[in-house]
Amino acid sequence: MKRLILLTFMVAGLPSLGCAEDRAADPPLSWFGYGELNYDRPADHPEQARIDLTRFVIGAGYRFDDRTRLQSEIEVEHAVSSSSDPGEVEIEQAYIEHELHDGTFMRAGLFLIPSGLLNENHEPTRFHGVFRNFVETAIIPSTWREGGIGVQHSTASGLKLEAGLTTGFDLSKWNAASSEGADSPLGSIHQELAQARAVDFSGYLAANYTGTPGLKLGASLFTGGAGQGQPGFAGAKITLWEGHMRWEVQSFELSALYARGQISGTAPINERLLGSATLIPASFYGAYLEAAWRGLAARALPLTPFLRYERFDTAASYADLGPGLTPAARPERRALTMGVDWQWARGVIVKADYVDFTDGGGGDRLAVGLGYEF
Amino acid sequence: MNRQQATAVFSGPVAALLAAAPAAVAADYLTVAQAQQAIFPEARAFEAVTLQLSDAQRIALASGAGPQPPHGRLKAWRVQGEAGPLGFFFTDEVVGRQDFIDYALGINADGTLRTPEIMSYRESHGGEVRNAAWRRQFERRSDGARLRNAIDIRNIAGATLSCEHLTAGVRYLTLLWQLALQPAAAPAP
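Each protein sequence line maps, in turn, to chains E and D.
FYI, this note's numbering numbers position 74 of the first sequence as 74, with every residue one higher than the one before it.
FYI, this note's numbering numbers position 26 of the second sequence as 26, with every residue one higher than the one before it.
Hints in this document: simulated from the structure, not taken from any laboratory.
Beta carbons: idealized from backbone N, C-alpha and C, even for Gly.
Misleading hints may appear alongside valid ones.
With the Cβ distance kept under 10 Å, some of the chain E side facing chain D (calculated, not the full set) [said to hold, decoys possible]: (1) F32; (2) Q152; (3) G218.
Only chain D is shown next, with the shape it has when bound in the complex (with noise of 0.2 Å):
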């Protein structure tokens, strides 16, 4: 292929994305309020709370939910359905190659797990975590604290590291609930 074949073959594409491209685009696929309702659409309101942990759960926590990748900012909310508490929702960081995947997971009352959702992804590798399939793999999972990524949550090859750091990431907000928000262990309203 000589230049001018080449040029007239592969740069058709790329001119086409180019031209449809916005000129502003967000790396975001879902906001907070648009996972809330991904998450728990029969919610009636979510309300945020604010979590201390003594020392003996801290470190139970850290212990507990095995390897775990950064994590970035952490979030929780208790979710209001009409007929008493639901669970709880969650939006968390955790690094996927280089950079942070924010992304949102639902926790019933029973502490089964819901589909986590993908709010943002920022790097061009290991994106197939977005794929609604991979992530029903969580959906009633009631074991959320042990999953380990290919061996209880199937693996994405190419994804490896997105994959293993985010079913770290349901592991810690699982065991997080547990220790911390789950109705024995809840604060007295």
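So here's chain E without its partners, still in its complex pose (with noise of 0.2 Å):
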């Protein structure tokens, strides 16, 4: 039996044909979502091989009329949320958008910093290896996210701007008992808009040109008030700013980010915090590079091999504080991890990879994980 799949009985010329499709009639409300289920061991500790949810995410996006819709996720982290489990319960975007031109969008409400490569492309299909780079965990604290306003025009020749007004870091969150701090200096301090302090005010700027078939090359600025009005932080100031490119050319695939922070207004702040573990820094920086075969791929075996080098430092300097008080910075970190991406079905993958710390300061780990997304 013939089944009828196209239907097209307009005459061309008809003011129908003028138009696209109205889709007043199409369902408002879309779902998506991604997962990772993560095993990692580290070799220095391999009694501490654990396995994770390491996240579960549901997002919604509801279009209320052909340019305003809402962009929604939420996400549970190490799979239980409770007073005596690890995991929490976040909002990771909340935003509405609409397009005020052809290419031009606004947006308010939580939403990602286009920050770096992997900020506003988080999902477990959209990077190499296991866990999140290095650089783009403890320098730029993805999942960054931060409440306000922002704008972001695109033109046809590939580039794309964007400038927003949003909250910042609150710099009296900084716990100098815990290592925190050290392990990311901007992720023990944002806000995440949880009741967030909003005495002072961010502002970010953002260009990426993707004009090139197969080419992406991006810088951004974040800087604001970290102080927040709090007793003893008037002052703290906080700027990250990196580059970024990736290069897609026959199989290749070759990216490179360099990200700096700094945080100014420290020195008062240090010298109270004097004899803690860990004391604010006033710069941080980290950059990568990374470079991934998908010749296999091309030979119909979707095994994508990778190679990542990072080096990374959370507190390449302190506020001087005078001879004998000023901390040394801290050594810098240098990663090696090597593995391989398999893409099990479209939108599932598996992972594998293993670390290797060159600068000789320990935190080799293999990891083994799956990821989807739909």
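Dock chain one against chain two, each of which comes alone in its own frame, and use the hints as you go.
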């Protein structure tokens, strides 16, 4: 039996052809999601090997009209969230986006900051390796979001410009007794719009060029006060800038990123924290080079081996507190990650990698992960 | 940066954009007629066609076109030139990240592709597929039914889903053309 799959009775030239389809009758609600299940085994401490449902994310989009939509994501980290479990429940994105003009959008709410290659594309199918790279977690605190307003303009020639006014970091959250600030200075003081202090606002600018197929070049700047009106934190300011590129040519994919952050006005704060484990750094930075080869994928074997070299320092310098008091910079860390991604099905990926810290500071690990996105 | 400084620096461009925005702007970049003109500028007429696929053709299409995103409405026109048939013109919809991308594709009588056009794009994310240099990668390709994103067609980092799904859509339309519209498969007039 023949089935009719296409019904087209229009005649060229009718007025109805002059308009794009009316989407008013389409369902306005759409769902999406992603997740990661990871196993990691530290080489120095195999007794700490663990399996974790790192992330389980459900998102919803809702189209109010042809130009206005809601974008939202809710995430559960580490499977169980309770007072006695390690998990967290987070809203990662919740914003309204409105198209002002062809290619020009405005958004308001909680949204991801356009910084680096990963922050806005953090789904496990979008990056190589089981875990996100060190630079874009320790220096750029992915998944980094702020509340505020932003505008974005894209041209048909491949240039995207973004600017916004948002909430910023709260330096009064710095816990000098914890190692969190040493792991990720900005990750330890981000506010995530959870009753965020809004005395000091921040701003961002970002530019990306994708006009040449396979090439992405971009840079961003985020800056703003971080004292948030709290006693003893006046004058504190945070700036983070980065530059990045990705070049996909033939079967090769090459990526590079450099990011640097500065926290000013920390000397009087650190004076009060002297003797504590983790003082506030004045600067921190990170960079990586990554190469992946899809030659096997081109031969219908969906395996992508990759290699990534990273250098990063979460406390490259401290504000001067005087002789004998100014902390020494933390040693730079250097990591070589080698692994392979296997695309199990469209939107499903299995990954395995090994991280070798070549600086001798320990932390080597083997990891295997399963990720999906729909 | 305090509140006053931040407001002064960053709200200026925002206010300017808001002021410049027309009261009502469609999200469409091209109408069907404009897309027809852009893809087949030499055409004399576009004749809408109705397709019927047998079960075998339908199965061949589903299995041969590879993984596909959700498709919306699909329409086809036979394109006539001054000297005879030029090929076929299609409009189709594939999901980008969450919402439909409306695009148009031309397939010449010999099965080679013409550069697709983006008619509507409704999301701020992934709209880089509008870039002409990316779309020109399809021009004159004769392997449209086998094209793979990031292998045969260079990907755009940050717009991967849109690139994948548009490439999948082109694969689908090309195979549809092969199964039902190319001269050997076309029904007798």
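Verification of the hints:
no. : hint : verdict
1   : F32  : 6 Å, holds
2   : Q152 : 6 Å, holds
3   : G218 : 9 Å, holds
Of the numbered hints stated above, none is contradicted by the structure.
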